[in-house]
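Q: Given next are the chains, with one letter for each unit.
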Amino acid sequence: MALSRRDAMKYTGLAAVTAASSGYAKGNEGAKAAAKGVLLSPAPIPAAKGPRVVIVGAGPSGLTIAKYVKKGNPNIDVVLMDKRSVFMSGFISNLVATGVLPLEFITHDFLEGARNGNYTFLQATAHEIDRTAKIVYTNEGTVKYDVLVLAPGIDYDYSKWTNGDAELETALKTKFPGAFIAGSETLTLKSKIENFEGGVFVQTVPGGNYRCLPGPYERSCLIADYMKRNKIKGKVVILDENPNITIKADGFHSAFDRLYKDYITYMPSTTITSIDPHKQKIVTELGEEIQFNDAALYSRVRGNKLLEIAGVAKDSVFNKGEANIDPFTYQVIGDLNVFCTGDVRPMGFSKSANTANTEGRIVAGNIVKYLAGTELSQKTWASPHTTCYSAVETNPLRAISVNAGYAYDATKKSFGFADASTMEKWDTKEGEDAGKGLLEWGKGLYRDFFN
Amino acid sequence: MERRSFIKGTFALATIGLLNPILFRHGLSAAEDAIEIPYKDALDEYLRGKKVEDGSKIMSLNIPDAPENGAVVPVEVTVDYPMKADDYISNITVLTTKNKANKAISFDLTPANGMAYLYVNVKMGQTQDVVILAQTNKGRIFQSSKNVRVALGGCG
Amino acid sequence: MELRGVVKILDQSYKVGDVVKAKIIVIHKMDTGFTKDKESGKQFPRFYMKEITATYNGVIVAHFDLDVATSQNPVIQFPLKVTAPGTLVVDFVNSEDEKGQKTVAITPAG
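Chains as they are written, first to last, in our numbering: chain B, 90 to 540; chain E, 196 to 351; chain L, 612 to 721.
The following block holds chain B by itself, in its conformation from the complex (with noise of 0.2 Å):
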C-alpha cells in the first residue's frame, strides 16, 4: 500500500474535484471519495526538520520518550500522537474515585506537554502502520516516520468470561468497567462509589501480569475506608484469581485484618466461570455463587490491538498479543526502526507509570543513539525502576510501598528482580510518610510528563 507522497497528493486533488462537483449530487460517493482523500494525504503538521520519531501512545510511556528524545537531540523531529483529547492517569485514580482528591489531580493537558517539550503532538487515531513505506496512516492524514515507537498500552481480554460474546462483553464493559484504562471508566467508579448506598461491591483481580498489581487491592482498601467513613453497610468482596494478594501482600492483608475486618472479605484462587451482569450474579469455579450490588470487574489485560494492526503482536507468557520485541533494545525482531515500550513489553516488569517513565528515559537516550549510527544490544540495556506507592488508609493517609529493579540471569535465561524492597508497615510513622510520599510521586510524575 505504499503510495508516494507525490501520488498521495496528486490523489488529494482529485478528490478535492470529485467532492465539490459530484458530492452533493451522488451523496455518500462523494463523500467517500473526500474521506479517502483525507487519509492519504499528510497529516496537518509541520514538515520533518530533521529524522522523526513518531510515537504512537502518550500515556506515561510515550509522553517520557517525547521529551527525552528531544532533549537528547532538539534536531530529531518528534510527534507525538494519542486518540484522546485528555490526558488522565490510572495512577492515584482509586484516591479519585473514593473522593479523596479532586478530578483534576489526575487530569492533563497534552497541549501543555507539547509545549513544554517542543515536540509536535497530533490527536490522532491510528488505524493502519506500513512498515516498509514506514507511514502511520490516522483518521488526521497520514505521518511519515524514521523510527516508530508503539506505546499503545493495555486492551481489555474479555475473552475467559465471554468467550468471544460481544454482548457480554459489551455489557460487562459498559455496566461493571474495571476502571484500569483512565477516562470514563474512572468516572463511572467514582459515580458508583459516590451512589453505592450498600450492599456487596465485588472487586475482581484478574491472573497474568495484569495492570498495577497492587491497583485492586488498594482499591478495595479504599472504597472500605470511604463505607466506614460514611457509615454505610458495605462489603467488598474481591474475587482474586491468584493464590495469594500479588504484591505487598503483608501489608495489604495487614490492612484487611486490622482496618477492615468488617469490610473486606478475601477470596483468593477464584475462578470466575459465569458473569451475569443483568441479574448481577458471579459463579465461580467452585460453584460458589456471588450476589452483588456493584462492582469493578477487571478482566485479563493483554496488548493493545494496534500491535496486530502493525503486525508485531507476539503472545507472551503472561498476556496475548504483547511486543514481539528484542527484550533488551525494545526494537522489533525484523525491524529496528520501530521500538515498543511501556505496558505492551512481553517482559515480566510490573505494568505501571513509574516503570515506564523510568523505562521511557532509557529507550529514549537509546533511539538518539541508534538515529545517531549506534548499534543497541545487550549492552545498551539498563533496568528501569518500578516505585510504587499504595494507599490503605485516609485521615491520615497511610500507604505501602515497593521498590525494585530488574536484572537479566544469563544462565536463567529470564529476567528477575534486583534490589527489591518493600515498607509494610503503614501503621507507624513511615507508613504516614509514605502516604505524603505518594502524593509528592504522583506530582513528579505528571511533571516529568507535562513539564
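In case anyone wonders, no lab produced these hints; they're calculated from the structure.
This structure is a prediction, so every number in the text was calculated from the model and none was measured.
Be a bit skeptical, because a hint or two may be false.
[Said to hold, decoys possible] To spell it out: a stretch of chain L is covered by chain E in this simulated footprint if at least three of its residues, at any positions, have a beta carbon under 8 Å from a beta carbon of chain E; those stretches are:
1) 654-668
2) 673-683
3) 698-704
Think of the CB as a built atom: it goes at the ideal place given N, C-alpha and C, for glycine as much as any other residue.
Given the coordinates of chain B, work out where chains E and L should sit on it, guided by the hints.
A: Chains E and L in isolation, oriented as in the chain B frame:
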C-alpha cells in the same frame, strides 16, 4: 459444598469469616522444619533398586514449555497401557528436579479408573525438568520427562 | 476443617461403562517450610495438603499422597470408570492431621 448468598441489605457472610483458617496457619508448632528432598533421593526411593524403562513411547505428556507462572505449571499425563485386572498401571508419580523439595504427587490407581491419566498443578522455582514415573502392578517402571522454562512474573 | 474446595465430574453426560474425568480443587497452602515472613523474618512452617482419598460407592478409586512441589490450592484430575449411580466421596487430610470432605453425585444417563 458451601453456598454463600449475598442478599441486598443483609450480609450472610458471617460464616465465611475474613480469614480462611486453612489459608493462614494457626497454632502450628514452630518445629515444622523444612525438609529438602533432592531429586536423586526421591527417584531412588521410588525405584527401590528396580530398573526403569524409557516411557516416552507410551506416556504422552501435555506440559507447557514456558508457562505463565512457575508457581502453577499444568502437568497432564496419559499412559497408553491397559487397565486389566491382572495388568495395569498402579501408580503415577510426579517429581521435579531442581526445587528444594522435589516430590509433587503420587497417585495410586486400579482398573476401576478405566485409564491411566493424571492432571496436577506443579510448583517450579526455576527452569527444570518435570519427571513422570508410571509403575505397573507387576513392578515395571516407565519414565518420561519434560523441561520447563520458568520466567519472571509481575512485581511480587 | 473448614475447606473451600470442590469435586466435580467434568463430563456433562455419561453412561454406565464410560470413563469420566473427576476434578478436585482444594484451597490450601502447600508451604515448603523454606519461605520466610518478610516482616518478622520467621520461617513459615511446612504446611500442606498431605493426602486425598476418593471413594466411589464405598470402594477406594483414587489415592493421592501430595508433597510440597504440588502448587498451592491443588488442582487434580483423575479418571473414573462409571459402574452405577452413586456418590464420589473425597476425603482430605493435611500435614496437621486435620480432615475435610467434599462429595459429588455420579448420575449416569439412561
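Q: A separate judgement is required for each hint: does it hold in the structure or not?
A: Hints, verified against the model:
1. 654-668: holds (count 6)
2. 673-683: Satisfied; 11 residues make the cut.
3. 698-704: Not satisfied, violated; 0 residues make the cut.
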